[in-house]
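Please put together the full structure from these sequences, using the hints given.
My numbering puts the first residue of the sequence shown at 21, with every later residue one more than the last.
Some hints could be false.
Stated by the list, open to error - Cut-off 20 Å, straight-line C-alpha distance, at most; resulting in silico cross-link-like pairs (SDA-like, lysine to any residue):
{"#": "1", "residue 1": "Lys221", "residue 2": "Asp175"}
{"#": "2", "residue 1": "Lys251", "residue 2": "Lys221"}
{"#": "3", "residue 1": "Lys337", "residue 2": "Lys387"}
{"#": "4", "residue 1": "Lys350", "residue 2": "Gln418"}
{"#": "5", "residue 1": "Lys337", "residue 2": "Gly425"}
To be verified - Pair by pair, the computed Cβ-Cβ distance ranges are:
{"#": "6", "residue 1": "Gly487", "residue 2": "Asp173", "range": "44 to 52 Å"}
{"#": "7", "residue 1": "Asp279", "residue 2": "Ser308", "range": "20 to 28 Å"}
{"#": "8", "residue 1": "Glu489", "residue 2": "Glu149", "range": "30 to 38 Å"}
{"#": "9", "residue 1": "His204", "residue 2": "Arg401", "range": "39 to 47 Å"}
{"#": "10", "residue 1": "Lys433", "residue 2": "Lys193", "range": "44 to 52 Å"}
{"#": "11", "residue 1": "Asp194", "residue 2": "Lys433", "range": "32 to 40 Å"}
{"#": "12", "residue 1": "Ser308", "residue 2": "Glu191", "range": "20 to 28 Å"}
{"#": "13", "residue 1": "Asp144", "residue 2": "Ser250", "range": "42 to 50 Å"}
{"#": "14", "residue 1": "His204", "residue 2": "Ser250", "range": "30 to 38 Å"}
{"#": "15", "residue 1": "Glu492", "residue 2": "Gly169", "range": "25 to 33 Å"}
By construction, these hints were calculated from the structure, which means they are not laboratory data.
Glycine included, C-beta positions come from ideal geometry on N, C-alpha and C.
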Amino acid sequence: MISNSTGFGRRGFLRGSAAIAGAAGIVAGIGACAPSDSGSGDSGSGNGDSGAPAGDADPDGHISAAISYELGTNGYDPMTTSAALTVAVNWHTLEGLTELHPVTREVHAALATEIPSADGDTVDVTLREGAVFHDGSPVTAEDVVFSFGRVQDPDNASLYSQFIPFIESVEAKDETTVTFTLAHPTGVFAERLSTVKIVPKAAVEADATEFDSNPVGSGPWKMTDNSAASKIVEFERNDDYNGPMPAQAKTMSWQVIPDPSTRTNALQSGTVQAIDSVPYLSIDQLESTGDVESVGGFGLLFAMFNNSEDNPFHDVKNRQAFLYAIDMDKVIETGLSGQAEAASCFVQTDHPNYKEASTVYSLDTEKAKSLFEETGLTTFRMLCTDHDWVAQCTPIIQEALTAAGVEVQFEQKQSADVYTTIDGEPGSFDVVIAPGDPSVFGNDPDLLMRWWYGGDVWTDGRMHWKGQESYEQVQSLLDQGLETTDAAEQEATWGELFDLLSDEVPLYPLLHRKAPTAWDSSTLVDFQPISLTGLSFVDVASTQGP
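This is the structure in structure tokens:
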């Protein structure tokens, strides 16, 4: 069965259509993380019966799933967390003033009564009447001011602050209305509000550590177990929720199963109803008994170069030679079973703002050899993460570079260890190969580019590119694109950025991959796979009891 991945589900369409609207500016329709229709991803139709409609939803039903990513080192606090598991949990338990639907990536009003626009320097946003946090306390304008203030406070070092640089201040106009003062109008205001989740000031100030472990939100689900010891995240329906996306089951549990074989077996045995991150080699196996779909999106494998002046990759010719050396078609077919597309732009081809970049890298071994010979580079270090699908790609990349006449000193580490190794240590690496997907935070090109090219964490502490001429050019264009509400101007500026980044490649996508999800459509009602890391059960029901 192939699910329609462009809608909210039959109940959600009827209930949420009034709240759903097109995104501000040019970010409209389907976003970076869902295809324009379900046929744009390779899908398994399962056996003859798997396409049958699910039974009647049980309002007191239970949803069970297995997720591939562990809790990690940080907790659930939406000011600081960026781990795949915690972000996915927060989709269900917390709310911003606006939200982006995990499937369609369309913006809709959440705690706000309507989708706001920012055509001027001030914007008033009114809160949803009757909204309460999980502890029963009302959501107030003071909580909104507190939530934005803690994100913007430099002492808190929140990664989310880089997404809202245009917000100068947030003030309570009355108990249910807040006023945003902006540095300038912007076309992405409504989308960016979704990056800041609204939290209760009293609960955070009373015990920030406890809040990090057991956050209090206003979303449709309440987390009742945080998986720290049990490796299971437990949820129950928030019966006080009065927003547009109420929980459609009474309880939900996610087993944390990083091992792909164990995760696959859990679905086949009926222990869980859905799993994320299906191993590419297991797709055929799962198609015989259930539903599998690979949804294309922004999620990528990238090469990050050490751009410091005493490193050979400070020379753009070496960066370009590296990219010309790789047979990306072979990487995709052999390493990923065809479940990806080679990068021809910073964003993937079905992104609404896609434009083929001025430089597109495809296999040209002779050109790579010529550039390496011109610079004199004969050997370098390549540090790679050990994600299962990444590990299937990196030996092929190493083989291609060897064929281009350079010796590659290859090292593989866990993702956290890779960044511990390189952060603030310019002498520790030459090239890093790793996955990334900031589209979990938003869909517009500015946010996606700003994640890597805007903040000091990546530009200064990792790629050592900050201060160079191309860095300054990119910052200028990022600011220019953010400071306009004119869609055509914004589109043109983003196109310039795509071209500049394809020429300079301080960090650049190698491929955009498809994310395979498997599920039991006979027991899950209106479930839709996503290309984002994790699973979404927003507006999903179950026919099974607890």
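| task | If any of the earlier hints don't hold here, list their numbers in rising order. | result | Failing hints, ascending: 2, 6, 8, 11, 12 and 14.
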